[in-house]
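K.L.:
For the protein sequence lines, the chains are A and B, in the order given. For the first sequence, the UniProt record's numbering assigns the number 1 to the initial residue and increments by one for each residue that follows. For the second sequence, the UniProt record's numbering assigns the number 1 to the initial residue and increments by one for each residue that follows.
Just so you know, the hints here were simulated from the structure itself, not pulled from any lab data. Treat the hints with care, since some could be wrong.
Claimed, not checked - Covered stretches of chain B, as calculated for chain A (at least 3 residues, CB under 8 Å):
(1) 72-84
(2) 319-331
Claimed, not checked - Some, not all, of what chain B presents toward chain A, calculated at C-beta under 10 Å:
(3) R68
(4) A272
(5) S336
(6) Q413
Ideal placement from N, C-alpha and C gives every residue a C-beta, glycine not left out.
If you want the building blocks of each chain, they are given just below.
2 protein chains.
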Amino acid sequence: MTENGYHHERVLTVDTMNPRVKEVQYAVRGPIVLRAVQIEKELKEGVKKPFTEVIKANIGDCHAMGQRPVTFLRQVLALCTYPELLEDNKFPEDAKSRARRILQSCSGGSIGAYSASQGIEVVRQDVARYIERRDGGIPCNPDNIYLSSGASDAIVTMLKLLVSGEGPTRTGVMITIPQYPLYSATLAELGAVQINCYLNEEKCWSLDVNELHRALEAARKHCTPRALCIINPGNPTGQVQSRECIEDVIRFAAEENLFLMADEVYQDNVYAEGSKFHSFKKVLFEMGPEYSEKVELASFHSTSKCFMGECGFRAGYVEVINLDPEVKAQLTKLVSVRLCPPVPGQALLDVVVNPPQPDEPSHATFMEERTTILTRLANKAKMTQEILNQVPGIQCNPVQGAMYTFPRLNLSQRAIQEAKEKGQEPDMFYCMKLLEETGICLVPGSGFGQREGTYHFRMTILPPPEKLKIVLAKVKEFHQRFTERYS
Amino acid sequence: MTENGYHHERVLTVDTMNPRVKEVQYAVRGPIVLRAVQIEKELKEGVKKPFTEVIKANIGDCHAMGQRPVTFLRQVLALCTYPELLEDNKFPEDAKSRARRILQSCSGGSIGAYSASQGIEVVRQDVARYIERRDGGIPCNPDNIYLSSGASDAIVTMLKLLVSGEGPTRTGVMITIPQYPLYSATLAELGAVQINCYLNEEKCWSLDVNELHRALEAARKHCTPRALCIINPGNPTGQVQSRECIEDVIRFAAEENLFLMADEVYQDNVYAEGSKFHSFKKVLFEMGPEYSEKVELASFHSTSKCFMGECGFRAGYVEVINLDPEVKAQLTKLVSVRLCPPVPGQALLDVVVNPPQPDEPSHATFMEERTTILTRLANKAKMTQEILNQVPGIQCNPVQGAMYTFPRLNLSQRAIQEAKEKGQEPDMFYCMKLLEETGICLVPGSGFGQREGTYHFRMTILPPPEKLKIVLAKVKEFHQRFTERYS
Ligand SMILES: Cc1ncc(COP(=O)(O)O)c(C=O)c1O
Ligand SMILES: Cc1ncc(COP(=O)(O)O)c(C=O)c1O
């Protein structure tokens, strides 16, 4: 009781809060990253460390790793932001014409107005044409495009629609493991059942339909599987799935009545010889009406990856295929509650899907910048796998695409034991030690899921070549030290 | 069965989808707005109508209604977007220094990098100082600031944390009616119980603590009330609550153990003489440690309203006060799943809370633009209430703040009967007819909630003065016609 005669207890505590939120885990920005930020502060305060800077190879963030923005994209965005610049003859005409077109499609001619909740119509049209070009002419209806605040937003929204039921009718969602933790986090928050199906590490993280069947049968005993999520090219695993694999998956989804979610945010990040990106949509349509008129598919894309790496703008989209029209109306209603995705991001997406053409003044520079970035990434992918595979006790699949390697670590029983005594996953223990001793920040494999008894870390290939070389050398050195210490 | 021997049913239908999503309603972008968009298309196609343009007075979107962006804000944003412009002597030094400071606080010096999930630290510091100035020096800790993708995002996140339980332990959230439908939509989606407490229309939409008690007691029979949401200045009602009212609410929350959510996105939109904005935080702290050390408060703000009206950038923040540290850690984890709020929006927010100072070159222009916009809004608020109150059968409270009027409509029994026969709410019937006959798009009161048997519409005061005059004249004319027709 207080002076005022009332007894006040805290309303919101970990005991009273939403229990589903408590279940959520998100390793990419988890304890390792929090500690990395702390260490950075300590370094600034003059604390002595065996290193002088923290290198964050934990997150797929190109600009954070020093990649410069693509000139044309930023020119158009600056023009949209401050249209007075349209009078400035320092800006090329193709940038200006795009900016004018975007501004004309904004309410009141300003990117400061809310847009339609589904996204600006002109941008959706441009996205649709882009998808048609990508897929060799397979038609794309702009009404099936929903722009979003990063792909994350669209993925969460689609999962939201899918989840229902309690007990054995509870929605199960299949996801290939290792997975990007947005999926596990969202399923936990929504109270859905996560159904793990394991990628085949021995076969370069390919997906085997037998494993899909195994996982599905096991899951049917306790929930109602309704969707299957595939990330291709893969995060954290960096593989690019073959056309056959995608056909298998589509056939599987068709036979087993599953809604397909294809996370294709790395579609332009394919490096390995012999690897090629096949969109789920294209394969679906090429399999004939038997499939293309039936299988429900949501495909996600983002401006955060590829060559532009514009994560901060939070732009992305989902294309929905064969979505029930009534469900589509529900989707449209649902997205309207948050009003609209960020309009600068929509403008950026528009330029990404509508880049300078050969007859336009910015074409040469644009192509040069794009090619340089993608070539560098390809080189770094190769260098990463080569150097890591030289380390005894580390095995690394080729980085065919995306921006990551997910090498396997041979950890000794002693190391595993010591981690367990600390209450840590063995690869968390490893990554924490790596951070403290070298300043390199990676994410332990346990944050993504992995086969019981295997250990990994995820590392991005994004640091500039010189720095990446140093990072790899340090990891190598550390791994040898670690192995000796716990042998 | 198909040729391939499998039987495919649609996975996702309105029968199998998430039932909570089905419950969601969102009137501000509901059927009226869909019809308005259709009519716009019809007009373009040359269909004859008794009007030549659709006027959307349904949404609080300043730029869509022709308000021009504030120069200084856009200059800084253009500089952040295309840093090459920092070399351009057309941009004032104060804009450049702000852009440099923002860019330095971005990873890799680019607004294209993900930021910390809670928001850029420098921006949170600037927000904290802004809040301290606003509240006469009451301290604000940047660690308690979470930047968000519009206030919407922060509101949804806080509600998410609060919701738990089933049956009688299910979380109840009190909300003053009429309310902004983001609240009802989010509560439906989260499966929480919405507890309605009615504002007093007769007393200028003030909030009476007896009504809070009534609603709370009634709700305790079937759920567990845990939070109270107040929108001040009010949307859709346009009132500004008195200091006494806010004290009453805080005392009520303290006594009844409720988490307070103060939606203060219209804090700079106060027009009426004698009205003043009092932040919940300031009042809380001035009530002494008995309250300021105990009552849990989340206060929301946005760049979408005020003088800047930058809705498209999707920027906002929440300040949390007395939040349990463990819950705070959960909040930090939860926001990390979506990576980060849009960085251009964070940059914009930084400039809004850190505007040009008297000794800086942009100060005069900035102040002039700001004052012009706010003065115009004040004039339009006055004009709106004056003209509407001249219409027999319409009663309109003073528009003390925000951007809306929510006048009461006297509808005849015949009109109500005819609406019912059509399966429509009477004010939906009214607004639909208004749209079809005049092209004016308003939102029916039923979309926000209102006392049984009363009818309203919400109209923004945002059209330019000349257009607003026409809108009001048309509404007047229409109301008279409608009244005669159904008398
Ligand atoms: C596989 C995958 N999907 C989705 C996302 C989300 O990206 P964004 O929300 O920035 O578009 C990421 C980001 O790293 C990712 O790796
Ligand atoms: C009362 C209130 N709260 C929150 C919002 C959300 O605004 P935003 O998400 O654009 O910041 C609005 C928008 O109209 C509003 O009126």
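K.L.:
Now tell me, hint by hint, if it's right for this structure.
P.N.:
Results for each hint:
no. : hint    : verdict
1   : 72-84   : holds (count 6)
2   : 319-331 : holds (count 6)
3   : R68     : 8 Å, holds
4   : A272    : 26 Å, violated
5   : S336    : 4 Å, holds
6   : Q413    : 32 Å, violated
Violation of the numbered hints given earlier is confined to hints 4, 6; the remaining hints are satisfied by the structure.
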